[in-house]
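Engineer: Chains as they are written, first to last, in our numbering: chain A, 1 to 644; chain B, 1 to 352.
Just so you know, these hints were derived from the structure itself, not from any lab.
Yeah, the Cβ is synthetic: ideal placement off N, Cα and C, and Gly gets one too.
Among the hints, erroneous ones may be present.
[Claimed, not checked] For lysine-lysine, the following DSS-like pairs were computed, each having C-alpha atoms within a straight-line distance of at most 30 angstroms: (1) Lys195(B) / Lys232(B); (2) Lys265(A) / Lys196(B); (3) Lys234(B) / Lys195(B); (4) Lys196(B) / Lys232(B); (5) Lys162(B) / Lys196(B); (6) Lys265(A) / Lys26(B); (7) Lys200(A) / Lys168(A); (8) Lys333(B) / Lys287(A); (9) Lys238(A) / Lys287(A); (10) Lys103(A) / Lys204(A); (11) Lys24(B) / Lys59(B); (12) Lys265(A) / Lys59(B); (13) Lys200(A) / Lys148(B); (14) Lys232(B) / Lys26(B); (15) Lys196(B) / Lys234(B); (16) Lys26(B) / Lys59(B); (17) Lys124(A) / Lys168(A); (18) Lys200(A) / Lys333(B); (19) Lys168(A) / Lys103(A); (20) Lys200(A) / Lys265(A); (21) Lys204(A) / Lys336(B); (22) Lys204(A) / Lys238(A); (23) Lys287(A) / Lys336(B); (24) Lys168(A) / Lys204(A).
[To be verified] Chain A is faced by these chain B residues, among others (derived, beta-carbon under 7 angstroms): (25) Leu58; (26) Asn62; (27) Pro76; (28) Tyr77; (29) Tyr82; (30) Arg102; (31) Pro103; (32) His126; (33) Arg129; (34) Lys336; (35) Thr349; (36) Trp350.
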Amino acid sequence: MTRETMASPANGKTEVTKLDRVVIRFAGDSGDGMQLTGDRFTSEAAAFGNDLATLPNFPAEIRAPQGTIPGVSSFQVHFADYDILTPGDRPDVLVVMNPAALKSNLADVPRGGILIVNTDEFSKRNLTKVGYEQSPLEDGSLEPYQVYEVAMSTLTQGALADTGLGKKDAARCKNMFALGLLSWMYHRPTEGTERFLTEKFAAKPQIAEANLLAFRAGWNYGETTEAFANTYEVAPAKLPQGTYRQITGNQALSYGIVAAGQQSKLPVVLGSYPITPASDILHELSKHKNFNVTTIQAEDEIAGIGAGLGAAYGGSLGVTSTSGPGVALKSETIGLAVMTELPLLVIDVQRGGPSTGLPTKTEQADLLQAMFGRNGESPVPIVAPCSPGDCFDIALEAARIALTYRTPVMLLSDGAIANGSEPWLVPDVADLPDLSVEFAAEPNAMDGSDEHWPYVRNTDTLAREWALPGTPGLQHRIGGLEKADNQGHISYDPDNHDRMVRLRQAKIDGITVPDVTVDDPTGNARVLALGWGSSFGPIGAACRRVRKSGMEIAQAHLRHLNPLPANLGRILEEYDTVVLPEMNMGQLAMVLRSRYLADIRSYTKVAGLPFRAAELAEVFTDIINDTRPEGSGETDHVLTEATE
Amino acid sequence: MSTHLGLPDLGGLADVPTTDAPQKAKDYKSDQEVRWCPGCGDYIVLNTMQSFLPTLGLKPENIVFVSGIGCSSRFPYYMNTYGMHSIHGRAPAIATGLAVSRPDLSVWVVTGDGDALSIGGNHLIHALRRNVNLKILLFNNRIYGLTKGQYSPTSEEGKRTKSTPMGSLDHPFNPLSLAIGAEASFVARALDSDKKGLTEVLTAAAQHRGSAFVEIYQNCPIFNDGAFDVIKDKDEAARRLIPLRPGEPITFGPEEEYGVVRSGFAGLETAKVSEVGLDNVVVHDPTITDPAYAFALSRIGGQDLEHTPTGILRQVSRTTYDDAARAQVAQAKQAKPADLQGLLTGNDTWTV
Ligand SMILES: Cc1ncc(C[n+]2csc(CCOP(=O)(O)OP(=O)(O)O)c2C)c(N)n1
Ligand code: SF4
Ligand SMILES: [Mg+2]
């Protein structure tokens, strides 16, 4: 982080420090509205023109017991005057609304970091609840930090005294007080939040007024008291030119599906069953029926994919969205889609597993399930987005593959990408790919008869024809039983089965996917950092740190996991060492080793949280210096001060 | 009460294109060799279907059969229509996606007692409650045929099979009661051997807008032979079968000497007409909205087939899921143009 300080022109006492980036974490009880607070602060940063990335972190329970550690909900936002890649490793500023939030988040704050504490909640009772014998505000344990004690609940109640709102309801607005205070500290524009509150509570003017008052009270508190010696400025980022908006991964993914429907001129039918962290795709798509999108909330995951496949059979773009446990239920139907060779998008927003696992945390441990989790030889293309905004492009790419090759496609997002947000350069619709398809119109029997043979293939793509019910003369039957090559009758012939297995495999292997690009600024790196999915950000940030410290490292990131880019094998050979961080036990590493006989150094962590850039920088540095013993675990020291 | 979306009361085939070209049963036969065991009841159902379909005058390419897994589920392969032989129990789910997106198709689900009531029980009840415009034909042979003779969810208690050498322990489903419990809008029963009765039921099912559930008693001569002999034997049939004719008093017996009368709280039972008087015999009305009546009718039959109502138990009009789903899409389209650029841009942008 770089800083530059000068006296504030407005207020002689506060200094304005210019920073290139800041990480702020809001933490409180699940009922304290931390997600909303973080979201609003993010929007303010976006409106101001910073680059940003966010990391919401909340419990799976709707309301864990109040004031307890399991009930803590937090939202981290990283904003900067340059393009950043991650939500940040450690918060520079931690806002805590109660003792539980302090206890569960303090370890992440570096020494010297800022703590803004709502003292009102630090009662004996609340302290005891989380095991503090003495208040940390009094026992000196917070000495390494810059602590600002603010009686947020009381101050909010005071500001709302004239609204006629009860004390309890008034205190509820303390999150807006915190937002106001932070907005003042970081010179954020406030119009957006004011407008948002007015619109959100349009039906409840009293509540709208109360939230606005609390927000302004927080701002004014910073401005008028002399408690704060510093305010901070983070200039707008110099991002590529264009129109930007803020977007979450699930939202971008949903827009990508809508766009795929429009670009293919097909109706979209989503069959889905609610599951964290994928439900927002169902919610979002349900809002866009005007784009010829039908959403079916099915009775379970099997019915969800069944409806998607049935619609695909009828000529729609069939989609199903779920998380890992749902994929397990859908496996048999994915197999049916492989066998019937119908296009279908299967979206897996991965979460911690196995079983119910960690519903609200992130992981990338479904790769092998996506690749192999079915009976028989059942190859399926797999793509994975590398950031929230990339979800839009990857959805279009998944649709392209499904429609061109008539196959189910697995799209592996994850909890971090799904709920994380970032500025998104709004694409020009004119630049989107054309996904239009051709349905079969004529009988295609190779024996010259007037029949339709469902398994006659396109010689380039090996895709079979998509003959829709309702097309005269093309009546045919498909299903899960093995079919005779070309003609498509049931066949138990051994040679035919062997041929069909190989044809299905060859079709997937032959899918054209773009080459993977390598970022190797000097061209002299001997170590390649490879990744897939949401670890793109931390790996990229770690590479920047390593390079800043004078070492060389190359980075490559896979968006296509099956088939793999054609140039990947050659790239793996070009580097002395390939290090592959994954939030699983080394699933892609296993695939690459067997596929390329490549000596991959796997670095794994399965903690339910994204990698930290500092942690990966340490790993990469050790590997470059050849000081890292094979298979050693997590590091706990952090590379100092670096841009990410 | 169901919400009415102001949708017109249409027949089940209202959106399916028709043709004046004459059709014959053989037009609906595919070139596949039928591979059921000799004497299997499935043959008769197939033949009945093939001779019945021409009477609808639909374009054959607009008819689709979707099945699950089981002997009966091979059905689509033998029909010269579009068809999908899917996976065990899931046909109603797949057919739902198809029916919702393609109102121009007449969609038929063919399933077995294991397929529909065991592995696929969940999809069945949800398709029925949603009232998707599907015709669901449950071939009930009271056994797992394809897997060679294990007991099924409709097998009578104590049934001895390979998996239950000491007799099965579970109490069977009454498929009609189950369907009515799920508030199916059309519920009927027919016998494989009764071509006329089956054709009548199929005709009404095809014309019904919404889920039509038809239980077809089907003999499996290999693993459960004679399961329905008591209602196929001429004398026994006359005593046990209760044919349901809308608008007529429900009487049965060789001399029509028995009738169905009210009993207890919302129940029905059989009685001698001479003892209760014809005036007290219930006049069959399948259009009664309250499912309690059809449910009571379904309860007259038990697992021992002592009494077996056949024909249409229930036929009520209720908004279909697929019509309603399409209406929402149409409404949304009318309210808001499909402006993709507008969607992607949103309301909160900034320019660099
Ligand atoms: C997932 C799955 N489980 C089990 C089977 C094996 N299986 C095939 S058909 C069947 C039972 C079929 O019984 P029923 O639905 O009554 O059909 P029938 O053969 O009697 O017509 C079973 C258990 C399967 N194909 N798939
Ligand atoms: S096993 Fe039974 S049900 Fe299956 S084909 Fe043979 S006779 Fe028919
Ligand atoms: Mg059976």
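Engineer: Next, verify each hint and record whether it holds.
Structural biologist: Evaluated hints:
1. Lys195(B) / Lys232(B): The given pair, whose Cα atoms are some 13 angstroms apart, holds under the 30 angstroms limit.
2. Lys265(A) / Lys196(B): Not OK: Lys265(A) and Lys196(B) at ~46 angstroms, beyond 30 angstroms, violated.
3. Lys234(B) / Lys195(B): Roughly 15 angstroms separates the two Cα atoms, so the pair holds.
4. Lys196(B) / Lys232(B): 14 angstroms, holds
5. Lys162(B) / Lys196(B): Cα-Cα ~35 angstroms, so violated.
6. Lys265(A) / Lys26(B): This hinted pair is violated, its Cα atoms lying about 37 angstroms apart.
7. Lys200(A) / Lys168(A): 21 angstroms, holds
8. Lys333(B) / Lys287(A): Given pair Lys333(B), Lys287(A) holds - Cα atoms ~11 angstroms apart, limit 30 angstroms.
9. Lys238(A) / Lys287(A): 34 angstroms, violated
10. Lys103(A) / Lys204(A): Violated: Lys103(A) and Lys204(A) sit about 35 angstroms apart, past 30 angstroms.
11. Lys24(B) / Lys59(B): 12 angstroms, holds
12. Lys265(A) / Lys59(B): OK: Lys265(A) and Lys59(B) at ~26 angstroms, within 30 angstroms.
13. Lys200(A) / Lys148(B): 62 angstroms, violated
14. Lys232(B) / Lys26(B): Holds, at roughly 28 angstroms.
15. Lys196(B) / Lys234(B): 16 angstroms, holds
16. Lys26(B) / Lys59(B): Given pair Lys26(B), Lys59(B) holds - Cα atoms ~15 angstroms apart, limit 30 angstroms.
17. Lys124(A) / Lys168(A): It holds: about 19 angstroms lies between the C-alpha atoms, which stays within 30 angstroms.
18. Lys200(A) / Lys333(B): 26 angstroms, holds
19. Lys168(A) / Lys103(A): 24 angstroms, holds
20. Lys200(A) / Lys265(A): 35 angstroms, violated
21. Lys204(A) / Lys336(B): At roughly 27 angstroms apart (the allowed maximum being 30 angstroms), Lys336(B) and Lys204(A) satisfy the hint.
22. Lys204(A) / Lys238(A): 40 angstroms, violated
23. Lys287(A) / Lys336(B): 11 angstroms, holds
24. Lys168(A) / Lys204(A): Satisfied, since the Cα-Cα distance of roughly 17 angstroms is no more than 30 angstroms.
25. Leu58: Because about 11 angstroms separates Leu58(B) from the closest Cβ in chain A, which is outside the 7 angstroms limit, the hint is violated.
26. Asn62: Hint on Asn62(B): holds, closest Cβ of chain A at ~5 angstroms, below 7 angstroms.
27. Pro76: Holds, about 5 angstroms.
28. Tyr77: 5 angstroms, holds
29. Tyr82: 4 angstroms, holds
30. Arg102: 4 angstroms, holds
31. Pro103: Where the cut-off is 7 angstroms and the nearest Cβ of chain A is about 10 angstroms from Pro103(B), the hint is violated.
32. His126: 4 angstroms, holds
33. Arg129: 9 angstroms, violated
34. Lys336: 4 angstroms, holds
35. Thr349: Status holds, d = 5 angstroms.
36. Trp350: Hint holds; Trp350(B) Cβ to chain A Cβ min 5 angstroms, cut 7 angstroms.
Comparing the model with each numbered hint stated earlier shows that hints 2, 5, 6, 9, 10, 13, 20, 22, 25, 31, 33 do not hold.
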